[in-house]
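Here the protein sequences come in this chain order: A and B. Be aware that the first sequence starts at 1, since it is given in our numbering, and climbs by one per residue. Be aware that the second sequence starts at 1, since it is given in our numbering, and climbs by one per residue.
These are computed hints drawn from the structure, not numbers from a lab. Some clues are possibly wrong.
Claimed, not checked - Sample of chain B residues at the chain A side, in silico, Cβ under 8 Å:
#1 Arg14
#2 Leu17
#3 Tyr22
#4 Pro65
The structure displayed is predicted, hence computed values, not measured ones. Each residue gets a CB set at the ideal place from its N, CA and C atoms; glycine is no exception.
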Amino acid sequence: MFERILLRNVDTIGSEKIDVYLASGGYQALRRALTECKPADLIEMVQKSGLRGRGGAGFPAGVKWGFMPKSPDVTKYVCINADEGEPGTFKDRELMEKDPHQVIEGTIIASYAVDAHRAFVYIRGEFFTSVKRLIKAIADAYERGFLGKDILGSGFDLDLSVHRGAGAYICGEETALLESLEGKRGEPRKKPPYPAQVGLFRQPTLVHNVETLCNVPHIVNRGAEWYANIGTPKSTGPKIFCVSGHVNRPGNYELPLGTPLREIIHDYAGGPKNGKPIKAIIPGGSSTPMLTPAQIDTPMDFESLIAAGSMLGTGAIIVIGEGTCMVDVARRTARFFAHESCGYCTPCRVGTHHMRDILQRIEEGGGEAGDIELLEKLCDGMQGRTFCPLGDAAVAPMRSSLQLFRTEYEQHILEKKCPAA
Amino acid sequence: MPVRTKLPEDPAKRSMLLTALYIAQEQYGHLSKEAIERVAQRLGVLPKEVYSTASFYTLYNTERPARYHIQVCEGLSCHLNDGAESLVDHIRCKLKLKEEQARTEDGRFSLETVQCLAACDTAPNIRINDELYGQMTPEKTAALLEKLMKE
Numbered sequence: 001m002f003e004r005i006l007l008r009n010v011d012t013i014g015s016e017k018i019d020v021y022l023a024s025g026g027y028q029a030l031r032r033a034l035t036e037c038k039p040a041d042l043i044e045m046v047q048k049s050g051l052r053g054r055g056g057a058g059f060p061a062g063v064k065w066g067f068m069p070k071s072p073d074v075t076k077y078v079c080i081n082a083d084e085g086e087p088g089t090f091k092d093r094e095l096m097e098k099d100p101h102q103v104i105e106g107t108i109i110a111s112y113a114v115d116a117h118r119a120f121v122y123i124r125g126e127f128f129t130s131v132k133r134l135i136k137a138i139a140d141a142y143e144r145g146f147l148g149k150d151i152l153g154s155g156f157d158l159d160l161s162v163h164r165g166a167g168a169y170i171c172g173e174e175t176a177l178l179e180s181l182e183g184k185r186g187e188p189r190k191k192p193p194y195p196a197q198v199g200l201f202r203q204p205t206l207v208h209n210v211e212t213l214c215n216v217p218h219i220v221n222r223g224a225e226w227y228a229n230i231g232t233p234k235s236t237g238p239k240i241f242c243v244s245g246h247v248n249r250p251g252n253y254e255l256p257l258g259t260p261l262r263e264i265i266h267d268y269a270g271g272p273k274n275g276k277p278i279k280a281i282i283p284g285g286s287s288t289p290m291l292t293p294a295q296i297d298t299p300m301d302f303e304s305l306i307a308a309g310s311m312l313g314t315g316a317i318i319v320i321g322e323g324t325c326m327v328d329v330a331r332r333t334a335r336f337f338a339h340e341s342c343g344y345c346t347p348c349r350v351g352t353h354h355m356r357d358i359l360q361r362i363e364e365g366g367g368e369a370g371d372i373e374l375l376e377k378l379c380d381g382m383q384g385r386t387f388c389p390l391g392d393a394a395v396a397p398m399r400s401s402l403q404l405f406r407t408e409y410e411q412h413i414l415e416k417k418c419p420a421a
Numbered sequence: 001m002p003v004r005t006k007l008p009e010d011p012a013k014r015s016m017l018l019t020a021l022y023i024a025q026e027q028y029g030h031l032s033k034e035a036i037e038r039v040a041q042r043l044g045v046l047p048k049e050v051y052s053t054a055s056f057y058t059l060y061n062t063e064r065p066a067r068y069h070i071q072v073c074e075g076l077s078c079h080l081n082d083g084a085e086s087l088v089d090h091i092r093c094k095l096k097l098k099e100e101q102a103r104t105e106d107g108r109f110s111l112e113t114v115q116c117l118a119a120c121d122t123a124p125n126i127r128i129n130d131e132l133y134g135q136m137t138p139e140k141t142a143a144l145l146e147k148l149m150k151e
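In isolation and in its complexed conformation, chain A is listed as follows (with noise of 0.2 Å):
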């Protein structure tokens, strides 16, 4: 049984409170980061331990850190990413809410090492429970000095504040995040430049999602040895999966990278929901390409899962099972990126509604011959050819639900009829 790191303190009693923290070793980390490392080492530390992003990309943590600018004379800014709303996706609320000290000392360790002196919560609107638990928080860690001036003696001085984002997927995205921040509407910037090096108020930024800030503790505390030793050679650190769909036990849990899907689905999620059999996964989130039942031994890390045909995403597996609608479920995904589709660029803003308007008619029966090469040429369309990677997000999901499920659009549109039904 993997020993639990991220989610080691989620279910004590009381938790989410600084003194239940601090018994359980919380803030050591910055102690030691502060007094016996500079910032340098810190950087060095990171990217020796392999931590990749766990909000989508999998960029390595290390390499960001490293391409902040240097000079004490700019200012620089740290964000933290908790717009959380990947479809499937519940793993950064826990940690908010379970341990939101956690997620401050990875930020003021990550912030020290980058030399930032200003840091930002960007917090999906909807979650009332994590505002108010990192608002508490904050105001704790700079009553005990792990924030403010002169943070543990050390000279280092950092302010942290939450933003409450409004209702918007897309400022998940991290340029669309930080015009949100800005006080704008949250549409994407174009990239390059990235962040680190125009960001915020056009000065460089370091963008982190959560899960990915909460590994930086255990890194200090415990070496970048002992973190890369975890998971696969290129994928490595414990990640945490959220289970949904039909299983029996939907939640989240954290294992290696690397950990097989049917160990997760089958060893801790509690198997198929009912016994019946699975029709379908979806890996990494509502944006990754499907697999297939027959691909349930693949290893959950970035590498595997690309050669997969599909991507690790957010970790978020959702579980298919026979007798659901595949033209239903697509729908389902297109509504959504119709939904969230900023309205920016033309491709993305015609594409993914046309999109939910041929499936929303195929499944009420008015399916007609030339719609799946019409779907097909939308993707075409689409892919690649989008200002921000929403578009992409959109085609991934059709692509794979057209190449897996052919035969049942063809059923909906030839004979009228859903096999699923």
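With the hints as your guide, set chain B onto chain A.
Positioned in the frame of chain A, the structure of chain B alone reads:
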């Protein structure tokens, strides 16, 4: 009519816009024209800019919400666990809402479907005002609505 030029923008003030909109929404009940104008004035931004930003986000209401605003998650995990539309149907029936009608006659309840609420472990989910309710069944939903109707 004089030509209005864009006001010089203070980035620190402008960055408070989302927060200011939340405060105004709470004070005015919803983002009325008056509320928008007041936020604009306080932050030194044109009202149209404030409205443009507010309209981008779903948590800002330009109309006064009902006392109980019910949101039903239509995400995939909620759908797979018998939530989403089938819960919407139950709620519509219970509140005697006709097709396409989003608000009860007495204005006490309003209903909408929303995207993933990031609580798929307790699917199916609904939210009423700021409170999340997980593992909802038709029976549990009916009991909850009855309780609220009596209040």
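When the nearest CB of chain A is found for B/Leu17, is that gap smaller than 8 Å? holds, 3 Å
Go through the hint on B/Pro65 and say holds or violated, using the shortest Cβ distance to chain A against 8 Å. violated, 14 Å
Measuring from the C-beta of B/Tyr22 to each C-beta in chain A, is the shortest one below 8 Å? Constraint on B/Tyr22 satisfied, holds at 7 Å.
Hinted contact B/Arg14 with chain A - closest CB pair below 8 Å: holds, 4 Å
Hint check: a violation occurs at hint 4 only; the rest are consistent with the structure.
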